[in-house]
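Peer 1: Could you build all of it, start to finish, from the sequences and the hints given here?
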Amino acid sequence: WTLRTPFVAYLCNCDEKACMGMMGKDKGSNVMKKGHTLPVTDGSKCAGCGTCVSACHFDARKMSPDN
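Residue numbers (the numbering used here): 736 to 802.
Keep in mind that the hints were calculated from the coordinates and are not lab data. Here the structure is a predicted model, which is why all the values come from computation and not from measurement. All clues stand as given, with none of them false.
Keeping only pairs whose Cα atoms sit at most 20 Å apart, straight-line, the calculated SDA-like set for lysine to any residue is:
#1 797 to 786
#2 797 to 783
#3 780 to 796
#4 797 to 785
#5 797 to 781
#6 780 to 798
#7 780 to 800
#8 780 to 791
#9 797 to 787
#10 780 to 797
#11 797 to 775
#12 780 to 801
#13 780 to 790
#14 797 to 776
#15 780 to 799
#16 797 to 777
#17 797 to 779
#18 797 to 784
#19 797 to 782
#20 780 to 795
#21 797 to 778
Estimated spans, in silico, between C-beta atoms of each pair:
#22 754 to 788: 16 to 26 Å
#23 801 to 763: 41 to 51 Å
#24 754 to 775: 23 to 33 Å
Note that beta-carbon positions come from the ideal geometry of N, C-alpha and C, so glycine has one too.
Peer 2: Right, here's the structure in full:
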């Protein structure tokens, strides 16, 4: 959810099927704003397990063949 820029009410990480904001958006309300950044992983701390990929329901995480 966001208020007018630059104020952020909170960053949403909920289940899309149960999200009141997404339900409103589906009905034409403009309550959600797209973020313009992605999380960054410190490669030196990455174990290469892929847990972050499967946990991210935004599909924002990918495993690199180099890691």
